[in-house]
Amino acid sequence: MKALPTRCLPPRRGRQGLLSLLLWSIAPWVYAQTPVFEIEIREHLFFPAELVIPANQKIKLIIYNRDDTPEEFESYELNREKVIVGNSQGVVFIGPLKPGEYPFFGEFNMKTALGKIIVE
Amino acid sequence: MASIRLFLTLTLIAIIVLVSFLSSLRGYRQSMTEAETLFDMQLQEHAKLLSLADLNRGRVIEELLLPRQANTQLSTESLIAYQVFDEEGGLLLRSVVAPSEPMSPREVGYSDRNFNGYRWRVLVVREANNGHWVMVAQRLDVRYELAESVILEAVIPTVLGIPLAALLIWFIVGYGLRPIQQLAQEVRSREVSDLSPVRLDNVPRELTPLTVSTNDLLRRLQSSFSREKRFAADAAHELRTPISILKVQVHNLLAEMESPSATLEELRQGIDAMGHLVEQILVLNRTAPDQYMVQFVPIDLYALAQDVISSEYEQILEREQRFDLEGGSAVVAGDATALRSLILNLIGNASKYSPVGAHIRMRVRTDHEEAILQVEDSGPGIPESYRERVFDRFYRLDGDRHASGVSGSGLGLAIVKHIVEMHGGRIRLSESRELGGLCVTIVFKPLAEETTKGMKA
Amino acid sequence: MTDAVIIVLREVLEAMLLICMLMASSTAMGYRFRWMLPALALGACGATLYALRLEQISLAFEGFGQEYVNSTLLISIAIMLAAHNFLAVFQLRNLSGTVAYGPLVLVCIATVGMAITREGAEIYLYGYSYGVLAGNVTSIFSGGAIGLGIGFSMGTFFYYGLRSLARRQRLIVCCAVSLVLGASMMGQASVYLSQADILPYQEPLWDSSGLFEESSLMGELLRAAIGYEARPTLTQVSLYLGSVIVSTLAMLAGWRLRRAMESTKEGEADAK
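Chains as they are written, first to last, in our numbering: chain E, 12 to 131; chain S, 493 to 949; chain F, 6 to 277.
This is chain E alone, in the form it adopts within the complex (with noise of 0.2 angstroms):
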């Protein structure tokens, strides 16, 4: 029955997940490190609509929303989902990330809050 969990995991990566997961749980250091990026909300948009960072590093986005209406920061392609509350900010980590575009958008206006993050 111990055997079970690691049996169960995809059978190469298994381990190696398992110990970064342990890893990377107990090394908040990095947050010095890491470069910050800054995006204003206004009127439902993205200032700057399209945000150029550097490939492969973490970075820090800090989201302000000069809005009085709160909005979800959202992107399927960075996997992140974050409510920022109206007059507020809110920070996400993005990254490293491979060279490419990566589209963003504002949950709730759908229609006017895009964006995206360029990888270079």
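Note that these hints are calculated values from the structure, not bench results.
Possibly wrong hints are sitting among the right ones.
Covered by chain E, per the in silico footprint, the following chain F stretches (three or more residues, Cβ under 8 angstroms) [what the hints assert, rightly or not]:
1) 57-64
2) 131-138
Listed next, the in silico SDA-like pairs over lysine to any residue satisfying Cα-Cα at most 20 angstroms (straight line) [what the hints assert, rightly or not]:
3) K69(E) x Y87(E)
4) K122(E) x N141(F)
5) K739(S) x L759(S)
6) K122(E) x Y602(S)
Built from N, CA and C at the ideal position, the CB exists for glycine as well.
With chain E fixed as given, assemble chains S and F onto it according to the hints.
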């Protein structure tokens, strides 16, 4: 446990909701796409007009190309911004709301851009004749709002209609299931002894097999019940003749014998007991409430009791018991034979199950127009837990080993109960407060009510 | 309007699946829905409180308060679902016998209360600030009603589908659904944990967005039902599978415990 009505209502509403909401969602999306195409075509028209204009460098003009509308709020918001650039990128013309910088990179076609704090739909056209870049833009949020306000009009009735539909479905399903409720009610509300067929008007086709088989079952039950009843009565009746022949023959035999034989005397007593039992069975069947068809007449219980006692006094004297009859005249509507049987059984029981030298008291009185007959004795009484069961046929306390050592048919109290029920009265067993033994109280229906009923019957 | 439909539908669908599964399992185990009212009340209070205090919560924990709360709620729900499976299997062997309802009722109240807290807060936030404050009443509320209607209808079919099964089978299917829902909660929790940088960012293991886009109706359905993610990471998949294993072990433990209790009670004759 689960309710059919709830199930039908919920699933029907769910189906309606799913179908109508999904289709209106689809309709909404399609209409929105249609509207977008229309708006895009409008942009194209504007671009075409602009490309035809003769232009000087750096002009800013009011949105002349648009017809002014009465609704100022919408007309200013729905304005179209435009810019015209020459081949080198110099601004030739722009509208007031358009920025000085190009609204879009010089790529022919439609795109969505952010500027002036809004998101815009931009169309870029390259004029082949003069190489001019024409950029026409329209606010996306305004486009959506315009299109949506129109399309929502079609969606809202569907949404608002659902609660109404739900209410209607709830009532209609309830109405449709009413025959089932009626059937259940009909079966539930009937008396235990009522085996008449279930009668319902307009039985729906789905329920017909159920009512038919229920009625069939009831009919079979009814016929087997009456067969059983008739059998007992018939058997008892048939036994009467051979028993009376036996009685006569034993009597003759006793007369022929010179010296009295103890065995023969026991035989005679046995035959008498058997005769008594058969008579009791016959009375029991005759007085069964569903069998009895006799017109009631006014009868004075007190007089009847006196009459019965005088005929039974022998037995009481034999056991050296003391018997009192108290009270006065109390008239009930009833059947004389049955009531005589009733009193006979009550006195017989009291005398039989009370020891030698016991005290028995019968009281007849009228209370609130109800005639009350009460028989008390100083015998052992009946424990409270047995007071229901003693009315069962052939039930005897402690079987045959009754403390009194006398044998009985076990039918006495069953007969009493039959007769009381037949007269619409109530019977209660309790402990006699004064004499310490059993106290049987029978309350008859008020006279007036009973006679009028009797007249009708 | 479609925004409102999708936002409301996604939250309602997830909650409905959970509630309907617990309702069906309650009927299978023979206790009524007396957990329902307390659970809904708890959820409503929790959701309102969460929505009203969202700003303070968000700013707490270096700006990751939301992630902490959400992942805590999700992991707790997953644990509760595993507990449900343990108790359900524990009861599975004596469906006709007397059942100790107390723990099950508590599990139901906790699970539904926490789920509604999470889902309700978002609906409240969206509906209140966009519908009531911003004045898009018709658009937001008709969209919300459509989302709600579709969610409830699907829940109804799901519930009556489960009800149509015999009690034993119903309970088994409920356990399976609970297992998947719990795993999906763990998968979602891992997203929040990675967002707050507690778990590392990883390259997605695969990308099935070509097959089912997450934003599509089918994608939303799958997401609510099995925790579908078009681009899952290794940790996400590991946590998902881990939850499946834990839940399975809980069921095994329930089965073993029951059997042990039965064999001690009924002596060795029962062992065979």
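Hints and how they fare:
Closer than 8 angstroms: that is the beta-carbon criterion, and the region 57-64 of chain F has 4 residues meeting it against chain E, so the requirement of 3 holds. Residue count for the region 131-138 of chain F with a Cβ under 8 angstroms from a Cβ of chain E: 4. That meets the three needed, and the coverage hint holds. Distance hint between K69(E) and Y87(E) is fulfilled; the C-alpha atoms sit about 18 angstroms from each other, no more than 20 angstroms. At roughly 15 angstroms between alpha-carbon atoms, K122(E) and N141(F) fall within 20 angstroms of each other, so this suggested pair holds.
With a C-alpha separation of about 10 angstroms, the suggested pairing of K739(S) with L759(S) holds against the 20 angstroms cut-off. For the hint pairing K122(E) with Y602(S), the CA-to-CA distance comes to about 16 angstroms; that is within 20 angstroms, so the pair holds.
Against the hints set out earlier in the document, no violation occurs for any number.
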